[in-house]
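*Asks:* Chain by chain, the residues run as shown.
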Amino acid sequence: MKVCVSSSGKEKSSNVDFRFGRCSYFAIYDSENAEFKALENAGIASAQGAGIAAAQQVVDEKVDAVITGNMGPNAMNLLKAAGIKIFGAAGGTVEGAIKLFQENKLESIEKPAPAHSGMGNQKRGW
Amino acid sequence: MQISVLSGKGGTGKTTIATNLAVIMGGYYVDCDVEEPNGFIFLKPNISKSKDVSIPTPQIDYTKCTLCKKCVQVCQFNALGIAGNQVVVFEKLCHGCGACLLACPDGAISEKERAIGKIDAGQSGELKCLQGVLNVGEPMAGPIIRDLKEMVKEESSLIDCSPGSSCNVVKAISGAHYAILVTEPTAFGLHDLKIAVELVRKLKLPFGLIINRGNDDNRMIIDYCEKEKIRLLGVIPFDRRVAEIYSRGNLLIEDEHYREIFEELAENIREVVRCS
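So the protein sequences, as listed, match chains H and E.
Counting from 1, position 35 in the first sequence corresponds to residue 35 in this note's numbering; the numbering is continuous, with no gaps.
Counting from 1, position 51 in the second sequence corresponds to residue 51 in this note's numbering; the numbering is continuous, with no gaps.
Be a bit skeptical, because a hint or two may be false.
What the hints assert, rightly or not - Listed next, with one range per pair, are the computed distances between beta-carbon atoms: (1) E:Ala243 to H:Pro73: 39 to 45 Å; (2) E:Thr63 to H:Lys62: 23 to 29 Å; (3) H:Pro73 to E:Pro56: 42 to 48 Å; (4) E:Thr63 to H:Met1: 48 to 54 Å.
Stated by the list, open to error - To be clear about the criterion: a stretch of chain E counts as covered by chain H if any three or more of its residues have a C-beta under 8 Å from a C-beta of chain H, and this derived list gives those stretches: (5) 67-78; (6) 85-99.
Stated by the list, open to error - Here are the simulated DSSO-like cross-link-like pairs (lysine-lysine), alpha carbons at most 30 Å apart as the crow flies: (7) H:Lys2 to E:Lys70; (8) E:Lys171 to H:Lys80; (9) H:Lys62 to E:Lys92; (10) H:Lys37 to H:Lys105; (11) H:Lys105 to H:Lys10; (12) H:Lys2 to E:Lys69.
Calculated from the structure, these hints are not laboratory results.
Here a beta-carbon is modelled for each residue, glycine too, at the ideal position from N, C-alpha and C.
Could you put the whole structure together from the sequences, leaning on the hints where they help?
*Replies:* Rendered as structure tokens:
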């Protein structure tokens, strides 16, 4: 099983990034072969539709589940269309989140956060 | 001949200036503040025609689609995604550019028109009036503004812009022959005026300034104009009577005193437009 965590860094010890569409990295762990890798989020610099670009990248990695803080409506639509399950993390490290996921201790996210909620104090596109 | 009215700061009186001037100068009044058009409240035209404004969005023919992903890769707006065995179209992100249609090697994409708003046309006395109305929840105003501008082209028209200096303002003032900047004598008014000045200068548009709600603080705007060599077209005073007329939904020029002020403004504008 392949699981993807939105992450603020490239390491297992990096913190979970609460944003999905505009997180810094996707940490991907494959339990079949215990392989871990981190990919830069290609959608982060998008003027619009960052969540969709990010979700597409995750779909293309053929993961089975995503762990994040909040996810917007568009990204959620695409992941759901691909049959990917989405789980919420309360905080901590990527490694910790994966462990909780394997112990079935994470709750699934069914409702999207409002669009653009991960934009924080970043400058808007216009 | 298009004259655009813009401000930088919102609530400085663009619509007040544009509607009153339009009645005096004639031609067209065009409300390009399509997210919240309000000029018709004051002009009260009889709306004789309405038409939808739509943009083309992709439609996928799954008998031809091979899920090759070329449409997703070419889309600059992230309006398409592929998941499972379907292409997901995010219509509200689509700018209708048609790149996906061209990129599809299997001819699986066709376009269908999606309405995003409408344009109303009417007449208020001698004045021809147009307004764009963007549907609630739609993010993209550009196509409506483009269509409005296309309808007036070289006709004498006053273009009422949205506040700020966003894409919607740029679209509304592009191709205009002259710009009227409206400000108020406050620190906020001056701050946003400077941004609007930067914008019209970048677009090499000749422009002049009107101070609305003028009072003892006018000096801060006048000093800035003198320093920047900006032509002051006139001042509308801060006056309770203006608020009373406005809140009844009437035009200021229904009052004799204000008709004189606007006639003088119109004369100044005709003169500078002739020279520029």
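*Asks:* Does each hint hold? Answer for all of them.
*Replies:* Structure-based check of all given hints:
1. For the pair Ala243 (chain E) and Pro73 (chain H), the beta carbons lie near 42 Å from each other, so the given range of 39 to 45 Å is met.
2. About 26 Å separates the C-beta atoms of Thr63 (chain E) and Lys62 (chain H), a value consistent with the hinted range of 23 to 29 Å.
3. Against the hinted window of 42 to 48 Å, the Cβ-Cβ separation of Pro73 (chain H) and Pro56 (chain E) comes to about 23 Å, which falls outside the hint.
4. For Thr63 (chain E) and Met1 (chain H), the hinted distance range of 48 to 54 Å is not satisfied, since their beta carbons lie about 34 Å from each other.
5. Given a C-beta distance limit of less than 8 Å, the hint that chain H covers the stretch 67-78 of chain E holds, as 3 residues qualify and 3 suffice.
6. Beta-carbon proximity to chain H at under 8 Å applies to 4 residues in the stretch 85-99 of chain E; the threshold of 3 is reached and the given coverage holds.
7. For the hint linking Lys2 (chain H) to Lys70 (chain E), the alpha-carbon distance of about 26 Å falls within 30 Å, and the restraint holds.
8. Distance restraint check for Lys171 (chain E) and Lys80 (chain H): the Cα-Cα separation of roughly 37 Å exceeds the 30 Å cut-off, and the hinted pair is therefore not satisfied.
9. At most 30 Å may separate the alpha-carbon atoms for a hinted pair to count; Lys62 (chain H) and Lys92 (chain E) meet this at roughly 26 Å.
10. Our distance criterion of 30 Å between C-alpha atoms is met by Lys37 (chain H) and Lys105 (chain H), whose separation comes to about 23 Å.
11. Between Lys105 (chain H) and Lys10 (chain H) the CA atoms are separated by roughly 24 Å; this keeps the pair inside 30 Å, and the hint holds.
12. Between Lys2 (chain H) and Lys69 (chain E) the CA atoms are separated by roughly 22 Å; this keeps the pair inside 30 Å, and the hint holds.
Hint compliance for this structure: hints 3, 4 and 8 are broken, all remaining hints hold.
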